[in-house]
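Chemist: Sequence:
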Amino acid sequence: MKSIQIHIIFFILLLFTASIHSADYPTANFSADVTSGSPPLTVQFTDLSTGEINYWEWDFDGDGVIDSTEQNPSFVYSDEGTYTVSLYVSGPWGENRMTKTDYITVEVRLPPGSPGTIKWELDIIDDIIGDTQLVTSPAIGADGTIYLGASTPKEEGLYAINSNGEILWSYQTDGPTYDIGNPTIDGNTVYSLGGHAFRNEEGEIESEGYLYAFNLDGSLKLKVLFPDRSINGLLSIGPNGTIYFSSFIQSSPIPRVNLLTAINSDGTERWAVSSLSPITAKSHNI
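Residue numbers (my numbering): 13 to 298.
Hints listed in this document are in silico derivations from the structure and should not be mistaken for laboratory results. Just so it is clear, CB atoms sit at the ideal spot from N, CA and C, and this is done for glycine as well. One or more of the hints may lead you astray.
Estimated spans, in silico, between C-beta atoms of each pair [what the hints assert, rightly or not]:
| hint | residue 1 | residue 2 | range |
| --- | --- | --- | --- |
| 1 | Val269 | Asn227 | 31 to 41 Å |
| 2 | Asn176 | Gly49 | 49 to 59 Å |
| 3 | Gly199 | Gly49 | 30 to 40 Å |
| 4 | Thr113 | Glu64 | 22 to 32 Å |
Produce the complete structure using the sequences and hints provided.
Modeler: Structure representation (structure tokens):
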């Protein structure tokens, strides 16, 4: 009987000791006084971990490098971006880690009502081709390069301008760019359209149009002539590389005919149909 009592007392003491130690197991947690703002952004981190802890490791930008071993450190974020923060803690009874993904966001923010600052200006009329009649809306590449079309009564073309406002390259097109949509960027290719309706020497109305594709360095990748069409619509690229655009045929005495055209990536025509007819794919209408 005495032996049983001793075992019961020992078991109770063991449970009591385990419960005390379980309360000492470290569980990592933390907070920050701010989680977003403009650079340089100073963030004060507060350790909210529980348990018996004697060591802290902080990674403030998710690069796997220990940035601080203080319990409640601060950190200055100098660059724009979204940052993942993690805290590793350890003590006599174990270790634990807390990671908060995309926890800190650093971005330039203007206060409400504040005026914008002009970074640079490019005088299209003087710097490009003189008496410019029209400039298309720009298309902007992943590297910040700006592509736009401009036209005068004498010449027309596509222009690439870097993020500092300097002209990188230009290409003089064969048809006016004022009769088209905006340039379109697809991966490493810039597409442009040009075309117009005009009167020939006999006074009859004719049409012609061009499809251009350029590499990012300005070298010509593809040029397709459409001798019977004026291209005057926006250009879109399908997932398989098919090029879609609208155009019209206007030749005397035939009335104007509007078309939707599909071109393969190598410049060959897939189809062209009058906009009066439905164009049906397997899953939806175009």
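Chemist: Now look at each hint and say whether the structure bears it out.
Modeler: Checked hints:
At about 34 Å, the beta-carbon gap between Val269 and Asn227 stays in the expected band of 31 to 41 Å. At roughly 27 Å, the beta carbons of Asn176 and Gly49 sit outside the given window of 49 to 59 Å. Taking 30 to 40 Å as the suggested C-beta distance range, the pair Gly199 and Gly49 conforms, at roughly 35 Å. As the Cβ distance of Thr113 to Glu64 is approximately 28 Å, the hint placing it in 22 to 32 Å holds.
In summary, the one numbered hint that this structure violates is 2.
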